[in-house]
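S.K.: Heads up: the protein sequence lines correspond to chains E and S, in order. Heads up: the first sequence begins at 1 in my numbering, then just goes up one per residue. Heads up: the second sequence begins at 1 in my numbering, then just goes up one per residue.
Source of the hints: derived by calculation from the structure; they are not laboratory data. Don't take every hint at face value.
[Claimed, not checked] Pulled a few chain S residues facing chain E out of the computed Cβ check, cut under 8 Å: (1) Gln41; (2) Gly42; (3) Leu90; (4) Glu104; (5) Phe107; (6) Gly108; (7) Gly110.
[What the hints assert, rightly or not] Computed cross-link-like contacts, PhoX-like style, restricted to lysine-lysine with a CA-CA straight-line distance of at most 25 Å: (8) E:Lys3 - E:Lys109; (9) S:Lys70 - S:Lys9; (10) S:Lys57 - S:Lys83; (11) S:Lys9 - E:Lys105; (12) S:Lys57 - E:Lys3; (13) E:Lys3 - E:Lys52.
Ideal Cβ positions, reconstructed from N, Cα and C, are used throughout, including at glycine.
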Amino acid sequence: DAKTTQPTSMDCAEGRAANLPCNHSTISGNEYVYWYRQIHSQGPQYIIHGLKNNETNEMASLIITEDRKSSTLILPHATLRDTAVYYCIVSRDSNYQLIWGAGTKLIIKP
Amino acid sequence: DGGITQSPKYLFRKEGQNVTLSCEQNLNHDAMYWYRQDPGQGLRLIYYSQIVNDFQKGDIAEGYSVSREKKESFPLTVTSAQKNPTAFYLCASRVGGPAGGNTEAFFGQGTRLTVV
Chain E
1 DAKTTQPTSM
11 DCAEGRAANL
21 PCNHSTISGN
31 EYVYWYRQIH
41 SQGPQYIIHG
51 LKNNETNEMA
61 SLIITEDRKS
71 STLILPHATL
81 RDTAVYYCIV
91 SRDSNYQLIW
101 GAGTKLIIKP
Chain S
1 DGGITQSPKY
11 LFRKEGQNVT
21 LSCEQNLNHD
31 AMYWYRQDPG
41 QGLRLIYYSQ
51 IVNDFQKGDI
61 AEGYSVSREK
71 KESFPLTVTS
81 AQKNPTAFYL
91 CASRVGGPAG
101 GNTEAFFGQG
111 TRLTVV
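Given only the sequences and the hints, what does the whole structure look like? Please build it.
M.R.: Here it is as structure tokens:
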């Protein structure tokens, strides 16, 4: 099962783009990369997911390398409300589970 | 509004007692999941169910039990056999089936269980 590796913590200035990296070097061909975030003591919130191509929605962009061994979540204009723990996870496609790592604590500074 | 509801938000129990956490969804999702989260840690899978009347153990099922008698409901019982039950418990649901690998999971707001 594919595992993910993320930095423990990151800082970003308010209004700037926040770029959160994730390594998933053992990902298999049918596994999706998902990003969620969790604000303290709340349930995780879905952000975006992708398989091979780059994806964009109203919240963020997801850039996946061509070899699929890593990805980057981009929050284009970070606000203070984006302070949270961000999880990069892969889907265990055969039985539709999600494998969670420890995540990146992102702190947006004024 | 469609969503997934966990209750109660906070729960206190004495050591040695069984306790059941509720999880209800009205999203018509086939798959449901229970996770445990300890302070500063990621989520760990306890049990999951892909369809009514069927469920599978996750990575840390010992000391827990579940049932899936209805599509909308997936209650989790924390038994006295669970050695360290104090934690934050999260329930999630997802479309499931062949399309499940390409759909997001929806989470409840969690139940914080404290055993004293």
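S.K.: Could you run down the list of hints and mark each one as holding or not?
M.R.: Consistency of the hints with the structure:
no.	hint	verdict
1	Gln41	holds, 6 Å
2	Gly42	holds, 4 Å
3	Leu90	holds, 6 Å
4	Glu104	holds, 4 Å
5	Phe107	holds, 3 Å
6	Gly108	holds, 5 Å
7	Gly110	holds, 5 Å
8	E:Lys3 - E:Lys109	violated, 30 Å
9	S:Lys70 - S:Lys9	holds, 22 Å
10	S:Lys57 - S:Lys83	holds, 17 Å
11	S:Lys9 - E:Lys105	holds, 24 Å
12	S:Lys57 - E:Lys3	holds, 19 Å
13	E:Lys3 - E:Lys52	holds, 17 Å
Going through the hint list in order, the structure does not satisfy hint 8, though it satisfies all others.
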